[in-house]
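> Chain by chain, the residues run as shown.
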Amino acid sequence: MGKLQRILALAVLAISPVLQSAYAETPQEKGRAIAEETDRRDLGWGDSDVVMSMILRNAEGESSVRELRLRSLEVPERGVGDKSITVFDKPRDIEGTAFLSHTKILDPDDQWLYLPALKRVKRISSKNKSGPFVGSEFAYEDLVSQEVDRYDYTWLRDENCGEAAPTMECFVVERTPLYEHSGYTKQVSWVDKQDYQPRKTEFYDRKDALLKTLLQLDYKQYQGQYWRTHRMDMTNHQTGKSTTLTFEDYSFKVGLSEGDFEKNRLKRVR
Amino acid sequence: MSDVRSGDSAIRKAGWAAKYALWIIRWRWAVIAVSILLTLGAGFGGQFLSFSTDYRVFFSKENPQLQAFESLQRVFNKEDNISLVLQPKNGDVFQADMLAAIRNLTEESWQVPFATRVDSISNFQNSTAEEDDLIVDDLVPAESPLDAADLQRIRAAAMTEPLLRDRIISPDARTTMVNITITLPQKELTEVPEAMAHVDGLVADFRADNPNITLAITGSVALNNSFSVSAQNDMQTLIPLMYGVLLLVMAVLLRSISGTFATLLVIAFSAMTAMGLAGWLGIQLTPPSVTAPTIILTLAIADSVHVLISMFHGMRRGMSKRDALVESLRVNFQPVFLTSLTTMIGFMSLNFSDAPPFRDLGNITAMGVGAAWFFSIAFLPALMAVLPVRIKPREEHESVAMERLAEFVIRRRGPIMIGTLALVAGLVAFIPKIELNDQFVKYFDKSIQFRNDTDWATDNLSGIYQAQWSIPAAESGGISDPDYLRRLEDFTQFLRARGEVVHVLTLTDIFKRLNKNMHGDDPDWYKLPDERDLAAQYLLLFEMSLPFGLDLNNQVNVDKSAVRVIATLENITTNELRALDEEASAWLQDHFPSAAETRASGPFVMFAYIAKRNIEGMLTGTFFAFLLISATLTIALRSMKLGAISLAPNLVPAAMAFGIWGLTVGEVGMASSVVTATSLGIIVDATVHFLSKYRRARVERGEDAEDAVRYAFSTVGTALWVTTAILVAGFAVLSLSTFKINGSMGMLTAITLVMAIIIDFLLLPAMLLFLDGRRKDRDAGQAPIAQAAE
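Protein chains in written order, with this note's numbering: chain A, 1 to 270; chain B, 1 to 790.
Isolated chain B (complex conformation) (with noise of 0.2 Å):
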């Protein structure tokens, strides 16, 4: 063993790189020819992509609150809802012209493709007593005069009927909606357009000859609709930015126009290759997904600009074209291949979130790297060979910046080490401050017209988040017993009692004014029948009166033995309704044996659950991703020490900038939980670059720890600062999408990289001189050593 043999190895290696350069110069045509070939053909699998329309695609078919609602949803109907919410410009709802508006439109509203119910204020089925007969009937029938007495009539039915006020009718009378059940059949990816597109239709033409009433749309099939509409705006308007951004980058700091052409093409035909293979395997595009090739842009150019930079730096220095590429190739195929791999092991670590769309995101990433690897050092070169390159010799200046920091580093080492170390544990100590929230309204800008329309419901009527519960009887047939009842009856005043529930739609209500008809709309007897077989037989004779569509089947299961209880809530945070989740369970398991063990469902539980599901599947995500990168990283050195060295750059900057996040916005989603991954994968190359250099001047020059400092901080520290600012920016572009998901893993990932750069510079050269550096006096030439033969 000795530094001759260690540097045979070197230049064996090196050998192999210049010869595989040599090889690519020679053929490059024919690799030009088959990259472009390559790229067509998988960027054909394009045709295949689609967007997704169902809120449903973010939670795996695993996911515990996924399967409780779909089961919920067997028992009952599987049901989502287009809700038209309308005001007039002046008055209240009861108004003849109004109110026969409401009623055209509910008619129209069966009409919207896989409508199975349409609820309103003009069909809902009310009971009155006539003599002895039970009269059921829509509250605004076809034959209604809507005359003064008859507007009465109805105002005062409406507006003390629990199951319409705060739901389908404001209190204050001036708001009320048209509710549309839809059910879809999950079959083809047209069904949600298709229904929207019928219900822009109708909701054009309602607007045209109704010019005094302001109407919105929301609902979950407005919110499935609204991925697609993010999606595809995010595709139209980040990806031209993007490569903007890239262009102007490129510009400065290539100032090549051959070079900017070629990395511009080496960028875009990995973006399509990830894309086009992403529509070969089938996967469908969602918010988070179509962030893909954005991030592609951003990760590819990183490979090509430090093969170019190189090369640049060589013609500079008075190379000839061919010899520049050649050891460009050589110094950086190691690197570009190590930085790939953690990038790509980092992305596909993703695998681990509970939520899919964040796993197609991690592969179509990787794929789109593993391709921008290919490319750069296949194509890149190739073309680079071909294409003419003016570069005049110069003397260059970047790196005296980069020497002053070095010295900085080597003199101040301990007030630096302290520095940095009390700003990270600051930092972190913020932390806690972060509130996980998931409130899916949010999580799409207000350039979105289901964020407005849905906003504007809620403040005028009620919201589009709810939390409901299948209540279970003891026995078939047990929701009848009087015992039930009052037990149903109990719990809905829990939920009404509770601040943040608006409206709770519950059974009992029905049997108590079915009991007032019975009795003579006498209102004494508005309260639970105390008998079980008169309960059912009132059910059964109100079941016998209801039309098509507006049976009581959503609300009670076949085996008249579970009720479902839905509470409509304010705008209440994901922790907020964790919360109302927990408490309702302690109170039935409390006071309702029957449904001791029943949680709350539905799509809004779903996502309250998402963030903390998505985090506890990307903690095991992240250590494996960090266990191989980290082991990645010590083969690569050569050195279980610097190995163990990296461990801090590595980890300590996604804590800072949560920890940053935590002070400034407080508030983060399900995005959270898969940027520490993806980030370690991107920044972990800042850290590769700056190692290896810092290796080779201590195991090649055999420099001490000082001189292998300022070796890599002027070797390297132009193009770290450099690609860091590329990746900076972008990652803020995501921040400009119109998915607030996209737009904090921007954020965040943005912040994380900048945090990178900052410990790269400080923290870990103040590190390797303490921790590598002790012995530079003792045995200064046998460490490298050392760490070679390990």
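Just chain A, with the same shape it has in the complex (with noise of 0.2 Å):
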């Protein structure tokens, strides 16, 4: 799809809902012009501070929390993924490590991790971005940013958004990951008509079973414009196993820059 055509689609997006439903568009066109405007409705955050608690739970009914903190930074060109460090608070085994990521749109991310018990960084080869996130039912390619060009959209139907915002009507996507490596064959994802935000994905496996499912709830709107979820929960349908990741309120501008997400100032993030 060329930029002139991608303006015109969206320009058609923005002008009226009434015109979007006269538009003969494909299935897969207005899957990815969701995207594209829930894409466009997050531009210019530019860069942001929060602080995460991760809930893992087991089939059996245990528990275990982990405390984190996630900066990231928007980069603004299309063809260059975001940038993120993340550093563990809690448990205290790990605290003050750190996990630097630079997203790549198709490519494997360039990922670093510094160990502070070893006092070095440590670069990770992360074809495989798949595994589970420290332990949990996110898998690290379900919390990167959602760069668009990431997969090929299909739009399904519109329907009520379900258990996550039901008094909400959706639009209902499905998307196949153009990486390699992913752990998925597709997402299926609910994003809401109003805000385009996404409320709920369902994830599937290899074989094509549904994995796990995410609700994405409890979202707030910062600056006006910018709509973050406070609490993600995945539940692991084959294992019995689900997470709840948490967030406290969005510092957004606070003044990081490319050079906080070098490689060698890993050591010094606290």
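It cannot be assumed that every hint is accurate.
Covered by chain B, according to a simulated footprint, are these stretches of chain A (three or more residues, beta-carbon under 8 Å) [stated by the list, open to error]:
hint, region
1, 46 to 59
2, 79 to 87
3, 206 to 215
4, 235 to 242
These are computed hints drawn from the structure, not numbers from a lab.
Here a beta-carbon is modelled for each residue, glycine too, at the ideal position from N, C-alpha and C.
Mind docking these for me? Both chains are given alone in their own frames, and the hints should help you get the complex.
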């Protein structure tokens, strides 16, 4: 899809929902347009900082808590992904461990991990972003910024958003990962028609069986524009395990720059 | 109280039975129609029958080993597996085409329904150091050149890797496996067959593409599947065989086409009714419970044979068909009812078993025996009243042999008593030689592919038998504690030092490799990290590097406070496994404070305790059955004394059978637990027949003990050995089952029945002569009255 076409599509989208339905688009075009709109509405957030807490549960009912901070930097160029640093605060034995990621669109991300006990930064060969993130039900690929061009899209239908947002109507869009080494054959996401935010996502494994369901709850709007979920519930249907990720309030535009997301700055992240 | 009154009641009773017989003959067409309708109504439930495909059906929900294992599976992952074991016809695994084939098979295996993980030599997550980076990648990645140098790299890594050697690759490098972890939702019975069907397709394609690679399929899903394969095989072979045997028996015994036809219908209706009711009740079929129709056929035939033989006996003596039928029902009504009742009690006592398949077997068989009773005293006479019967009056000779036997017993009662008691004592002495063993692979005979494949895999790589321990740490995140890791390493060493342990999967091997990697692959650093933070951060780093499905969640719990250790074992017996469990438990108590309470778990451990648990449950069940049956006998015979005397012939045969088993076979599984109770209900029939005839002679005919023994032999002796022969043939058919538990149960029951007839013909009359005969001179004729009054 060329640039002109995309702008046209966006313009049409922006102008009128009536026109939108009159516009004879294919389900693929409609699916992509929805993703583009989600992306467009989130442009310009700059950088952010948030404190997160992760609760892991197994089928036996045992649970475990991890606490971490996430700093993110928006990279405006479309062909380059965003950057992020995750710093672990709890449990105590991994305190200060910091994870730096430069997201790529289709290539494997660049990833480094700083180990305070070893006082070294180790590069991670990250063909594998499909594995569980710190033993949780989230794969790393579920948490990284959702760049539009990582997927192919197909709009499936419109329906009520369901349990995560019962009062809203949603687009249901199927997306298939274009990057290699994904753990999924496809994802089906419910994106609300009002704010274009994902409310629920189903993940299908390599044999196309339902693997996990993610609910994104407690959305709050920042700076009159940027919506952020404050609770993500991921349930693995095959193992009976689940993970809840909760976010405290976000800080935006805290003054982070490219330089803060360099490998050799990791040691000094606190 | 007098003879007259006792006689009165006998006639009144007989009168009732005779009236009943006349009623049945009068309404014969209606009785036939109702019987057919009942059978169809019940049999309609047969459509709901399904074959269970889960080894867990052998364990009740209350089973502590099952509960422990389910809990462990909820903490880590619920895992079943399908192992594809591979061996090239020539050379070893480290050849380019072999490795390429394994890599493809590994990729394709992810498509197996319910697969959640695939482990093989090709996708093993090998970690290496490259300058300052940790490289975690497939041992044989897709882009691997597989040239000589690459093959050497793969061989060197694989053969020295403790996670692979002896588990995924044999030490001689000849055999390897692709292990598919299957997480069954356990919602549908079709899950296991669905997964297996996919694997069968995969394997067929693989074999076509790689004719030079031998491939065997094993694992717990294959085991699960084999239960239904075996049960269906048995259904298809044993039941027709049983019909064949019984047809032959009837042809010889009854020498009557209509009698054979009627009996065939009775046993078929009984089996259909029981299986249909099982369907209505939602019972799932398992290898033990599919023997129910075979057992029902065997048991049901006895009722019919008793009714028909008495009827033909009357006709041979010149009675009309109608009179002979009425007389047959009159004399058989009570004994047939009694024997059915005691058999039902015996089988219903299986509800005390810990293994639900045996409960099902007991209940289905009890329903079948109940149905057989109904059809034998209603449908059979009605049908015989309709069918033409041609019996020529003639002399019967069989009783001559029985009379000789009676005389022999009466004359040599002393030596017989001592001789049989000595024989019993001698055989019982061998019971302790029996060893309980439930190696579930050996449940299947060699006609089942799973057995052959698993044996081959065990010989060439590693076995299917595993024991696992969830080793808790003292606190959250405590698995990174150096003290914990050191103890875990010691426990691993303790296990590896044992001869029966082939392989131990443990987290300490991963820690050691990571420590080495983090120090530039320096072999000197192949040791446990000695700081908690360092270990925790290594683990974090490694976990971040693992791809989908190959994570550590199956080895480490979410709280990082417990590690799962899995030992793969030689082909050991369940006795040896229990010893390993005991010794490991003692070791943990002495050396591992946080894991002091930990016991071994897993399917094999569950089977290791199943026989013991079942025997404990069945001891109670057998005791209740014994009490109920003895009480029934005492009431039926109206004699405490005869009831007491009946104890010996009812109890002794099973003990003798186990003695013979200990002497000849020596090994038995959970089948042993149920044999005493079920055979008790069957062998008691012979005692009932013998004692009721004996009592009839004493009470109705006022004979002394010697004459009463003669009377009993001449009236029921032939019928007893004939029915015993039928029952022995029937249970011997079971020994042809593809499922060893059924085979053992069949053989043990058959031996018990043979012992029972010996005891009934030798020990029982000798005991009667000694215990009931002493007073014959002093107060002959009064003892029976006293008995009748009780």
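> Compare the structure with each hint and give your call.
Now the hints, each set against the structure:
Residues of the region 46 to 59 of chain A with a Cβ under 8 Å from some Cβ of chain B number 4, which satisfies the need for three, so the listed coverage holds. Check result for the region 79 to 87 of chain A against chain B: violated, 0 residues qualifying (beta carbon to beta carbon below 8 Å, three or more required). Residues of the region 206 to 215 of chain A with a Cβ under 8 Å from some Cβ of chain B number 3, which satisfies the need for three, so the listed coverage holds. Restraint check on the region 235 to 242 of chain A versus chain B: 4 residues with Cβ-Cβ distances below 8 Å, three needed, restraint holds.
The earlier numbered hint that this structure contradicts is number 2, and it is the only one.
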